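J.: Now for the letters of each chain:
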Amino acid sequence: MVEPERILHSVMVIAFERKGVIDQDLKIIKAVQDELNLTDEDKFDALEHIKKFRGNGDWSGKRDAVVSVAIDRIEEAIEDNLIESSSITNALTKLINVTLNEQKPRNNSTSNDPLAAFEDDEEEIPDTSLKFGFEGEEEEEEVIPVELIETKEDDEDIENNSIVSQEAFSLGDSEVDDEEVDDEEVDPFDLIGGRNNTNSGNGESTYRDPLDELMDEVDDEELQVETIELGSVDDEEESDTESEKETVTSDSQIIEMYRMMLDTVWVDDIIDPSEVALLARKRKELDISFETHMELVREMLED
Amino acid sequence: MKTIFWTALDLAWSDGSMSKKGALIIEKLHDAMGLKSSLREEIEDSFARMVLEERTERGEGTGDVELKSWVDGIISDLESEELESQIMCLGSKAVKKGLSKEKWIFGINFTEEFNQSNTFAEGVWMENDSNIEFEEYLSILQPLENELNFK
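Protein chains in written order, with the working numbering: chain A, -9 to 293; chain B, 64 to 214.
Please keep in mind that the hints were generated in silico from the structure rather than gathered at the bench.
Careful: at least some of the hints might be erroneous.
Said to hold, decoys possible - With a Cα cut of at most 25 Å, we get these calculated BS3-like pairs of lysine-lysine:
#1 Lys274(A) <-> Lys164(B)
#2 Lys160(B) <-> Lys33(A)
#3 Lys131(B) <-> Lys83(B)
Just so you know, these numbers come straight off a predicted model, no measurement behind them.
Assemble the whole structure, with the sequences as input and the hints as a guide.
T.: This is the structure in structure tokens:
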């Protein structure tokens, strides 16, 4: 079970990353602090820790891993009903959603790509485990016919419903954000109090999550499969080959992602059971052996 | 914090000299622990540098008496069926208290001397979740228990 102090810390992390700057007066922070009966001292400790390690928003190049861990902790807290207020839970879920969407790679070329319409539905609540690979099969199963997507977008009264419009289908852009704001009781962005365009304090970060790059590769391959499905009669063998391609992931990128998580959970020099459990879960999900884990621990301590 | 082999050397050289009997007991302990030669070399080098170089007094190796008694207890612990589960339990308890890098390194180095570092790691990283609790730990594990602040 995640300790309340760590939940508040995690909320602060993603709220600050969402806003792009450290702002201890955000309403969501106060709401979570009150909900968890935490003192100002607890909040101050979390704030100091974040100030110490966040740097200019880059978290020493581990921003995505830090955010992922924070999201996992918040999700675990929600699952364990440590946050009882539904309005706060909704706000946090939205915040997680948007944060995850923002982490997805932006690719301007998709604006002219009709297959951009096959990106994840922004209404879904992404599972953070999807950030760590092996979701190729699931994503393939979730291919949504263009008509369905168009209808859905129409229903939601999106101004531009062209399937070639990035504004209609890209994840994490401002219109989608606004749309999410409208249909929720508590608006995470109101709670945050607006946000800057960048995630770091000094301009746009050039850091890219290796797993995001991995996702790029998977997406590219998915596009090929989808073209086959739409444009011709399925050839089973060919399709199988393409499916196999989809599941091919780069071990080194997965290991790198896991290494970043490991660095992150030990960034405060102390590991606790929830962090250990998180890493154990990720090892299973990513099929990382305990031997590999131990090698990474050794390497981390040698650095 | 002293590890098992370091403590054995300390006892053997307690009066500034090591007897032949003391040396034989050290070899017996080495074998019982399954201590890797390279690791032993490291420990002995450090011991010589940090302890023996500073010493001026020379005795007759009388430490071998206490050494024998202590080593017999250690060897008995090494043969205990509870050794692995106790180490795993200590690893697991350490995490519940919040394990620092420093203590992790100590735990790993301490248990590596008798080839149980992987057991400690499994306890820490929840690879083999053991729910067994122990009232008391084997004396070979007491330095580890003390270092992890369970007492």
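J.: Holds or violated: Lys131(B) and Lys83(B), Cα atoms, limit 25 Å.
T.: Holds: Lys131(B) and Lys83(B) sit about 12 Å apart, inside 25 Å.
J.: Within 25 Å, alpha carbon to alpha carbon, are Lys160(B) and Lys33(A)?
T.: Holds - the C-alpha atoms of Lys33(A) and Lys160(B) are around 21 Å apart, at most 25 Å.
J.: Is the straight-line distance between the alpha-carbon of Lys274(A) and that of Lys164(B) 25 Å or less?
T.: 23 Å, holds
Of the numbered hints given earlier, the model fails none.
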